[in-house]
Amino acid sequence: MDDIRMNALDVQHLSYRYRTRQDFALRDISFDVQPGELVLVAGASGCGKTTLMRCINGLIPRSYKGGELSGEIRILGQDPTPLKLADISQMVGTVLQDPERQIVGAYVLNDVAFGLENLAVPREEILRRVDKVLDYLEISHLRDRETYALSGGEKQKVAIADVLVMEPDILVLDEPLANLDPASAEEALVLIRQLADSGKSILLIEHRVESVLSIRPDKALFLEEGELVYYGEIDGFLEAVNPFDVKLPAEVAIARMKERGAPPPPPKRARQENVDPLVVMENVRFGYVPEREVLHDVSLEIYPGDVIAVLGPNGAGKTTLVRHLIGLEKPTSGRVLLEGRDTRDITVAQAAHTVGFVFQNPSHMLFAPTVWEELAFGPRNLGFDEVRVARNVQRSLEIMDLTEFADISPLALSYGQQRRVGIGAVLAMESKILVMDEPTAGQDYRHYTQFMNAIVQMPVEAIVFITHDIDLAIQYANRVILVHDGRVVADGAPEEVLADEERLEQCRLRPTSLLRLNLMHVEHTGTFLPLEALVGVV
Amino acid sequence: MIVTWSYKDRDTIIQRLDPRARLIFMFCAIIAIIQVWDFRILVAWLGVALGAFFLARLTWQETRRFWMVVLPIITMLVTITALTGRGGEEAYKVTHPIWSTVLFGRFTFTISAEQLAFAASQFVRMVTMATFGLLVPFTIHPAQYGVTFRGLGMSDKFAVATDLAFRLVPTVAKDFQVTLDAQRARGYELERKGGGLFQQIRNLAPLIVPVTIGTILSGEDIIDAMDLRAFGAKPKRTWVIELKYEPRDYVLIAAGIIVLVVTTVANVLGYGNLWVPGWLLPG
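Heads up: the sequence lines are chains A and B, in that order. FYI, the numbering for the first sequence is 0 to 537, going by numbering that gives the first Met the number 0. FYI, the numbering for the second sequence is 0 to 282, going by numbering that gives the first Met the number 0.
With the rest of the complex left out, here is chain A (with noise of 0.2 Å):
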């Protein structure tokens, strides 16, 4: 008994189904973490991860009222059950999923001094406990900034603040690196090793499996269809688990897979020689204020077969770059030209002909009754008769593996499948020219690599992709355009613009396992390969 108190959380046969589910999303789970314990907590979308996060910080069953909770749960030795969640959150602090749906405050100061000021702490131990963790998480320059107008990786640090500075004991951190830029991610990593050195316990749900493997976790959890799969030492954790269903460091993904046998690479597009280009984007000037230019000077060509990564750090221009393709934006000075017509004379639906653009937000788009009346929206717009449509739509819903979901409405599914809804959605309209702003963000492994590998082998003439993962750059792309402060300032194949480091820190990328490894043997292959085409070489 005395060690369970010991514990700073205790999960026994913990079960959870929600009230308007059939099924459970957590059955059976028990693990215990100790003070100052790190534990990495991955499983694909929609295995349980966030439905965990909620019973440990009170929000089940205190906000998600009318399911059927089982198994106990004691933090720091307590049994939360008769505690208020304002009691709780003194106890576990929770960084959500997106850190916009958890600043509540205009301006950093407001926000990090929100939690204290509902506890009624008097104001100048307030202000002083925001100075100091403001100070220790070295955003003291951000205390009198808008909110609103801060940087994806400066947001992801004020959502940190606001639950430091209520001094919990256990962190729970649900994707905390999902919209940063490598350079950002690695930061929060090294602030959240920090943390846990410091003496507080984590829990650190993350897709980004590699990168939270640099910090050294001192356990790892993986969940499977609600279930607890794997619970213990990190090294256990990597035999474990599928190299297919979590992102391995590639030296133990190829090892891995010399095991149990490779499947086959992903097809990768060869460029085209004398075309004629799709889109050209001549000295493109743009800024949403007249005093504050966002892109500077940008020319490109865009080629059937082309297969481009953009990347670049957060707040770089990239998605202001893409939406100039599809003419949601218009260059200051400047044109861009669509199969030879000037952006500024066709509309945005006219140019949806030619560039599909899949948002990164889906709940902006989701609106149908259904999935399939979902993805039939878009198509039906261009005007295609309905045995087309009724064939795209099939094909888009078999790419993004959402045959099951096809007549339930899409604002019922996880995040995760929203957003394959989303790309799905663009799929059915057949451009010719596919753009996604960060597709994989928020996606697990598998379903990301299912349908990335399903989506270079579409008949689209060419596809641009934002992302901050080499990874994906190497796995799939043919050309690779880095953007950084508004310029593009390396546009070539993956191995011509991936292989200079000191540009990649420039551009706040971090080189990755599958990286290096590419580096070390591009003598010999003379171009980058995918993972499971360097199972043969290494």
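Honestly, the hints are just simulated from the structure, not real lab data. These numbers come from a predicted model, not from an experiment. Do not rely on the hints blindly, as some may be mistaken.
[Unchecked claim] In silico BS3-like cross-links for lysine-lysine, where the CA-CA straight-line distance does not exceed 27 Å: (1) Lys235/B with Lys83/A; (2) Lys173/B with Lys156/B; (3) Lys83/A with Lys156/B; (4) Lys64/A with Lys267/A; (5) Lys235/B with Lys131/A; (6) Lys131/A with Lys233/B; (7) Lys235/B with Lys156/B; (8) Lys233/B with Lys243/B; (9) Lys173/B with Lys64/A; (10) Lys7/B with Lys243/B; (11) Lys243/B with Lys64/A; (12) Lys64/A with Lys83/A.
Starting from the known structure of chain A, arrange chain B on it as the hints suggest.
Structure of chain B alone, referenced to chain A:
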């Protein structure tokens, strides 16, 4: 994410005034204005409102969107009122027709001097109130919303909720724009023609549904986020932002109350009614 109104921090005489004093003055001014139909007094009030607008160093450029929405609505309301002759029953009893015609051979349509004077007064009155209203989001620091509402007597919880609700308007506007962009990228055209009224309303579903659902879901997220940070844990909360009245704030509040009292007394005594200039009357 909850965004804020387009606010620029400026060291102006308006922004140096305590936001509570400004809101109290504005409240008094609006109550005074709605008791008056005299065009000359309303023009004076418009002068006060525009004076505040310029003293705050606001520009047409930064408030353009507000006016692009508000001015057409005011113009439409005033025009409909003027053409139908409805709405002015309380302001005038006698009419002096200055122009009339027969429509479709059956309906006699008349414009009176009182209708025109009423329309002009109504227009000035609405623009004045809109200008006062505009000063709130454009000159009050968003970090001060909550504590301002608290300082005006609201409970802690209600003040926080009002702060969030106040920022909901620009948030929904931003979400609407993102949704419109996302649907246009799927070939959707807002201006699509054809179909009856029901079909036209259905055509708006791709915009209305995501924005509405998104607003509800983000509302739930905000509630979760607030609960996880002990919102409502104590009967009384601390406010980290402090407001302090200066002598000039008391002067402004006193001015507002005096104007309100004087106008109310004048109104009771029969002053401030609709003024029809002599040159407008026929004959």
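Broken hints, by number
4, 9 and 11
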